[in-house]
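**Student:** Residue numbers (the UniProt record's numbering), protein chains in the order written: chain F, 1 to 431; chain D, 1 to 431; chain V, 1 to 431; chain B, 1 to 431.
Each hint should be verified, as a subset may be incorrect.
One copy or two, either will do: identical chains are not told apart, so a pair holds if it fits within one copy or between any two.
Derived SDA-like pairs (lysine to any residue); straight-line CA-CA distance at most 25 Å [as the list claims (entries may be wrong)]:
{"#": "1", "residue 1": "K318", "residue 2": "L73"}
{"#": "2", "residue 1": "K332", "residue 2": "I67"}
{"#": "3", "residue 1": "K227", "residue 2": "G294"}
{"#": "4", "residue 1": "K379", "residue 2": "W225"}
{"#": "5", "residue 1": "K102", "residue 2": "V264"}
{"#": "6", "residue 1": "K332", "residue 2": "E16"}
{"#": "7", "residue 1": "K66", "residue 2": "A91"}
{"#": "8", "residue 1": "K66", "residue 2": "D87"}
{"#": "9", "residue 1": "K318", "residue 2": "R14"}
{"#": "10", "residue 1": "K327", "residue 2": "G253"}
{"#": "11", "residue 1": "K318", "residue 2": "D75"}
{"#": "12", "residue 1": "K10", "residue 2": "E317"}
{"#": "13", "residue 1": "K66", "residue 2": "D76"}
{"#": "14", "residue 1": "K318", "residue 2": "L101"}
{"#": "15", "residue 1": "K66", "residue 2": "V264"}
{"#": "16", "residue 1": "K327", "residue 2": "E71"}
{"#": "17", "residue 1": "K408", "residue 2": "W225"}
{"#": "18", "residue 1": "K10", "residue 2": "L101"}
{"#": "19", "residue 1": "K227", "residue 2": "Y179"}
{"#": "20", "residue 1": "K318", "residue 2": "D76"}
{"#": "21", "residue 1": "K227", "residue 2": "F189"}
These are computed hints drawn from the structure, not numbers from a lab.
Number of protein chains: 4
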Amino acid sequence: MSTDTSAEIKIFERRESEARSYCRGFDTVFTSARGSEMTDTQGRSYIDFLAGCSSLNYGHNDPDMKIALIEHLTDDGLAHALDLHTDTKAAFLQAFETHILKPRDLDHRVMFTGPTGANAVEAAMKLARKVTGRTNIVAFTNGFHGVTLGALAATGNGYHRGGAGIELHGVTRMPFDGYFGEGVDTADFLEAMLRDTSSGLDAPAAILLETVQGEGGLNAARPEWIKRVADLAHEHGALLIIDDIQAGCGRTGTFFSFEEMGFVPDIVTMAKSISGFGLPMALTLVRPQYDVFGPAEHNGTFRGNTHAFVTARVAIEKFWADDAFQKTLVEKAMILTTALGELAEMIPGARLKGRGLMQGVDVGSGELAGRICAHAFGKGLVIETSGPEDEVVKVLAPLTTPEDVFRKGLNILLEAAREVLSEEPKSIAAE
Amino acid sequence: MSTDTSAEIKIFERRESEARSYCRGFDTVFTSARGSEMTDTQGRSYIDFLAGCSSLNYGHNDPDMKIALIEHLTDDGLAHALDLHTDTKAAFLQAFETHILKPRDLDHRVMFTGPTGANAVEAAMKLARKVTGRTNIVAFTNGFHGVTLGALAATGNGYHRGGAGIELHGVTRMPFDGYFGEGVDTADFLEAMLRDTSSGLDAPAAILLETVQGEGGLNAARPEWIKRVADLAHEHGALLIIDDIQAGCGRTGTFFSFEEMGFVPDIVTMAKSISGFGLPMALTLVRPQYDVFGPAEHNGTFRGNTHAFVTARVAIEKFWADDAFQKTLVEKAMILTTALGELAEMIPGARLKGRGLMQGVDVGSGELAGRICAHAFGKGLVIETSGPEDEVVKVLAPLTTPEDVFRKGLNILLEAAREVLSEEPKSIAAE
Amino acid sequence: MSTDTSAEIKIFERRESEARSYCRGFDTVFTSARGSEMTDTQGRSYIDFLAGCSSLNYGHNDPDMKIALIEHLTDDGLAHALDLHTDTKAAFLQAFETHILKPRDLDHRVMFTGPTGANAVEAAMKLARKVTGRTNIVAFTNGFHGVTLGALAATGNGYHRGGAGIELHGVTRMPFDGYFGEGVDTADFLEAMLRDTSSGLDAPAAILLETVQGEGGLNAARPEWIKRVADLAHEHGALLIIDDIQAGCGRTGTFFSFEEMGFVPDIVTMAKSISGFGLPMALTLVRPQYDVFGPAEHNGTFRGNTHAFVTARVAIEKFWADDAFQKTLVEKAMILTTALGELAEMIPGARLKGRGLMQGVDVGSGELAGRICAHAFGKGLVIETSGPEDEVVKVLAPLTTPEDVFRKGLNILLEAAREVLSEEPKSIAAE
Amino acid sequence: MSTDTSAEIKIFERRESEARSYCRGFDTVFTSARGSEMTDTQGRSYIDFLAGCSSLNYGHNDPDMKIALIEHLTDDGLAHALDLHTDTKAAFLQAFETHILKPRDLDHRVMFTGPTGANAVEAAMKLARKVTGRTNIVAFTNGFHGVTLGALAATGNGYHRGGAGIELHGVTRMPFDGYFGEGVDTADFLEAMLRDTSSGLDAPAAILLETVQGEGGLNAARPEWIKRVADLAHEHGALLIIDDIQAGCGRTGTFFSFEEMGFVPDIVTMAKSISGFGLPMALTLVRPQYDVFGPAEHNGTFRGNTHAFVTARVAIEKFWADDAFQKTLVEKAMILTTALGELAEMIPGARLKGRGLMQGVDVGSGELAGRICAHAFGKGLVIETSGPEDEVVKVLAPLTTPEDVFRKGLNILLEAAREVLSEEPKSIAAE
């Protein structure tokens, strides 16, 4: 088997672009996966605390979704249907309305965009500009919204921005909650800039934010800050766009990350776990009064990925028809907080970050975080970093991870950290 | 069953965005499809001459791909793998190298972008800008490259451009081959503008074109014009990007639409039929010297849609391992040309357009083309228009359509045209 | 005479664009001016506390400049010389080097731009971008740098920005000193954004600022804040551009507004009072290592307004060859502070703003400020407001105003304020 | 005296920016000028065929303007008056209305912009965008409209564009009349692009052009082409902006360069010779229905250069109150055509270009044109080149040049050409 692996890796080196990335940190060839575990060509098994960057909130190959998809295939259900009506799409919409939108009193329409999060964000930004006739969009420090040119303008990460090769425009950057430390409410800044007609902040078409910044380092905004930003948006004639691509689908403990905060976003973007199965699918939810695109004004060939609609429907019916699943998330989040608290205590200056099942530890440097993750991988745990300097060890386990597997994974992480810290005791203080 | 359809249609009206489009022209609810035929909830069957806008070049639910995908599912093969190494991806790359790249002497690397054509185009544009340090990209009248902000700047269609709500930039528009009618070689114009340092055309990072403009109205550029544009690009330090998203994968008669034209594109974008099965997948092929993105500098959550890699591998092995399939395309193209010639003769001023299995008839007005397609749909044929005013009746049948089905579909089209023309004999002259 | 005035005003109404502005507040027709006093067609005399928005720092028709210019005219000296060498330009450069640059240890080169402040700013911005290969420029809330498209992007005022009719780009806005009130050092914000590679602040080509924001409401930055911004610019590879168009030429008490703050700006823009006589002239001072424009790469027909060089030389030789003039400015600034303090005390919440002979009072509302200025004009004083809501009564008297005239003007202002405040005692509180 | 010159030149080398340009080709120090002749520090006299790039259409130091300006100075007339009403400005407006606008049935309002041509163009572009709510402006190959960021986007010259250091945007480039040689009417191209909704040409706010492109190489558009472009603009809801900065004020034989062509421009930009004396002044003429800027929405400190209003009034009253002056231009243009025809005949492939007193000869290479001008300077003639490669020897003599001086200058030019051509007989063919 090892020969195979090496042959396979050669084809990647020979023919795959240098843009490939995760494979560099997890240097093996994976073959299959089930639930929270992945297997490589060597037959080695790994606990998955990356979960496709939160695209696999229900784990790999959920058996009910799998059966439904095999059945769909067997019956020659449509795979690709542009935006034609299909019974499959109808069933998804019905489930989404019944179990997600109605119980939360949301009157949003569902726009099936091209099946990438970036595309959902691009649609949202275009729509807000069309609705308001304004061009400027307020986004936040450390926000991540994708790397196509429109979305990239809203993304804070300098490395990704540099890839544009052209000036990014149409976005004004504001400090996220907590950006200047405690004692400074950055919403005051936003408000001052919006009120002052000479601040140079052009009246925004939208304010675009993640409630928890996943790629940006698991920065969780306080609900009251988010509510205030929502109110400021509406006070100043701007739409509020919540990018729930990474934080949505239960990741923070509720289906949407912004539930029970006292406001209704005008637009919500979803992708990653919306299909339930890791299949490409993205949505832009739009309040009816802002649903102003003409037919195909924003379009995309794969906006009718029908396989994804099959699994997405099952996911909703299985996990969100009642509150049983949601309740389990509270417990898991507590287990996670406890374990990460232990990790944080090992490292002077380290801090817990995030919310729900989207938590991590800022260990002070990307170098240290990277070494911890590398050691964990050596011990059978797939886990990644985030943050501007990759300084946050980030746990994004499937929400469905059984408690014993979850604890096992966390133990690996703690053990890996201990090993790393014992190696070089002097250089470990967080900055 | 009719009650079901109506209930299903209500959910679309209630909850799907006004951006939905094709469903408006084909007002039924589809349930399944096989090969070149689709079935709706009423049990009615349709011949498919739209083929997911050329995303289903091998028809719906190809049995070999289907079996492979069911097997992959059954074995808990990965569905979503970010850009981790998987055996499935290795097998796709191997097949793509062996059957596509090597026989055509192409040394390109494969960049797995977000699984939409627009994303592949965005990656291509960013890359060309990064490579050259220039920002301007030359694109052509009636070109269509997607609707995310970077790609939309290169798209000519005014309706889609209007959806941006913000100025599009970074692209200079040049006239496509034949834009000023016979007798004017528009490459002369491009050359004059490139040579004149005061023309106002900033030195381009890339020249981006489709060899046959699908959405733009089936405008097929002459090989010698394309070759000249390729030479001009290289002479002026620009990369040549061929957008083969719609015209590739056999649609024009060869795997790539630019084969045997005497040049090697620096970058090629692929999507639509690359997965073979209609699943979301997109590639950007890049010559090694221009493969300069750093790890994840351009990224996207769904760039590892492993299901698509499964079917894409089967598609390549089944259809492109030898020249048997390609040969059938020549015959079918002839059948198509003959039938469309008949159609064109019915309408004064109408003209045949396109190349290979990407042909159509400019009937002079969108109104007439629309009525012909509507009549055809009433008779069981799914067919669409294209062009700036939707004035081109466009045939994009699966390449695998059996000859009898193909002829049957073409006959429906001709009959539909006859009916429409007999209805209103006075208003049919092409403009 | 009154008939004449009315006839003259009719021609303005009939043929001058609605863009005309100051004439609306000072509704008479002026005929002549000398020193700090202006006369209208009715023979009425006004004290000038506007001074051409700081373009007439040495008053109207300074006798020495006037004689020199008449002599130049009499001798057929060149009026317009493009950027040819002239003896007149040489003499100006010599004086500028001897009396301004050398004594302040400045090694800057003088770029004669088009004779508007906006043009000097455009040249500065282009140059910084060319030098660094970066495009982003940091400018500040309430900054005013002109209304041509490049400079307008750096200008904060929403009314002027709205006039662009197109998105402004290439500039990131940061909060000026004091923007969030006491206790918050906005330089901390700038530093945090510059250091964080994921802040979304693209590495800047330059940081551009006025030390005292004239149009923005007489906001005077603290020297230590400016020094810190200067240091941050250099630390992050950005040029520091001081826009000294309004605050320069002695207005703040020294020739340049940034003297003795412990840093050397890379670029300085000058206009307004640089000609001494109110004639159109602008300069961009550039450190030699950044003097990288090729011949005429930035050009402009009127960059050699030779009449202005004549008066500019006289101004420098007369006022800046020794420190006598500068010393008088200290005394006048004290008189001004005292008088404005009196004004501020009349109005609850009002605050003194500015520095040197560029001071004013924020009276809390544009409405109140406007009424005070209107009353003052009725009493023979030309004085204007500034600030985002025109809420600052601004004194910009000629620096050469004799003490008695200066006190007289200030008394008119105080009297006008008293009148206004006695009229409507209830609505006067500053917000 | 030679010592002085060298000392003076040293100050330029030491302290003037490298952006200085004309002084490099005319390497002396000028001291005075009268009519069409200039004098340097050596007492040497030169005939001026550059005329401040058409800013000195009435020659240097016209005696009547000079007297008026000295009188204005003596009487303490205002030098700088922002946009206050002055008797001087009223008198200018009255003269401009009486002698220029009314006789030509033009109802335009006069907007006094910042006193540079670029500023007048920026105001025009902003205004067209504000009026139409569109952002795109059509400009032409080889057009020159200034180098501030908005105007520079409309300028074709690559060297100047490169100076921006940032992407220029908001402008689409179209081929000027004759750009593709005889037999191709480039207005067909413009029309096709405007009519085709998928051409990628966004509906323009304005079409901006010079009737004769001065800097672009004396390309004179045919009146019928200009008329057609004007009609296309109006047909497509765009304003027509004529940039008459270089070609206006009599340069082509009439006051405006577009007279008697059968259309009324919506906006006209003027600068260069509008003051008559070479003083900085610029105007944007706007039809009343488009005069939509609010007070000071576009502003500029030096928009009230009152000295320029004095001389501008005299210029209009002296030269345009009747048709005597205009008639002399016809004769002079014939003399010029004859002489340049002689020059063109000396050089194989050379061609006459331009119109009126704005003519030149394309000698085929910038190198040859440069040598001819250099020789001419050696013989006492100041003359420059233009065109993308500086390949056009351009005559821009004052319109008031006495016939004998004019012929003398032309003879010097011919003699210089003969000398150059006799030096290197083999390399002189035009390309």
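**Student:** All hints, please: hold or fail.
**Tutor:** How the hints compare with the structure:
1. With identical chains, the CA atoms of K318 and L73 are at most 25 Å apart both within one copy (20 Å) and between copies (19 Å).
2. Taking the closest pair of Cα atoms, K332 and I67 never come within 25 Å of each other, the shortest separation being 27 Å inside a single copy and 38 Å across copies.
3. For a Cα distance limit of 25 Å, the shortest separation of K227 from G294 qualifies neither inside one copy, at 31 Å, nor across copies, at 37 Å.
4. When the C-alpha separation of K379 and W225 is checked against a cutoff of 25 Å, the pair qualifies neither within a copy, at 40 Å, nor between copies, at 51 Å.
5. For the homomeric pair K102 and V264, the shortest alpha-carbon distance inside one copy (13 Å) is at most 25 Å, but the shortest distance between copies (54 Å) is not.
6. Within a single copy, K332 and E16 get their C-alpha atoms no closer than 38 Å, and across copies no closer than 35 Å, so neither meets the 25 Å cut-off.
7. When the C-alpha separation of K66 and A91 is checked against a cutoff of 25 Å, the pair qualifies both within a copy, at 17 Å, and between copies, at 23 Å.
8. In this homomeric assembly, K66 and D87 come within 25 Å of each other (Cα to Cα) both inside a single copy, at 18 Å, and across copies, at 20 Å.
9. When the C-alpha separation of K318 and R14 is checked against a cutoff of 25 Å, the pair qualifies only between copies, where the shortest distance is 23 Å, while the shortest distance within a copy is 43 Å.
10. When the C-alpha separation of K327 and G253 is checked against a cutoff of 25 Å, the pair qualifies only within one copy, where the shortest distance is 8 Å, while the shortest distance between copies is 56 Å.
11. Both within a single protomer and between protomers do K318 and D75 lie at most 25 Å apart by alpha-carbon distance, with minima of 22 Å and 22 Å respectively.
12. In this homomeric assembly, K10 and E317 come within 25 Å of each other (Cα to Cα) only across copies, at 20 Å, whereas the closest approach inside a single copy is 43 Å.
13. Taking identical chains as interchangeable, the C-alpha atoms of K66 and D76 lie at most 25 Å apart whether they share a chain (15 Å) or sit on different chains (9 Å).
14. In this assembly of identical chains, K318 and L101 lie within 25 Å of each other by CA distance solely inside one copy; the values are 16 Å within and 44 Å between copies.
15. Taking identical chains as interchangeable, the C-alpha atoms of K66 and V264 are never at most 25 Å apart, the minima being 34 Å within one chain and 42 Å between chains.
16. Neither within a single protomer nor between protomers do K327 and E71 lie at most 25 Å apart by alpha-carbon distance, with minima of 30 Å and 35 Å respectively.
17. Taking the closest pair of Cα atoms, K408 and W225 never come within 25 Å of each other, the shortest separation being 36 Å inside a single copy and 52 Å across copies.
18. Only between protomers do K10 and L101 lie at most 25 Å apart by alpha-carbon distance; the minimum there is 16 Å, versus 48 Å within a single protomer.
19. Taking CA atoms no more than 25 Å apart as the test, K227 paired with Y179 passes in both settings, with 17 Å inside one copy and 24 Å between copies.
20. When the C-alpha separation of K318 and D76 is checked against a cutoff of 25 Å, the pair qualifies both within a copy, at 24 Å, and between copies, at 20 Å.
21. When the C-alpha separation of K227 and F189 is checked against a cutoff of 25 Å, the pair qualifies both within a copy, at 15 Å, and between copies, at 23 Å.
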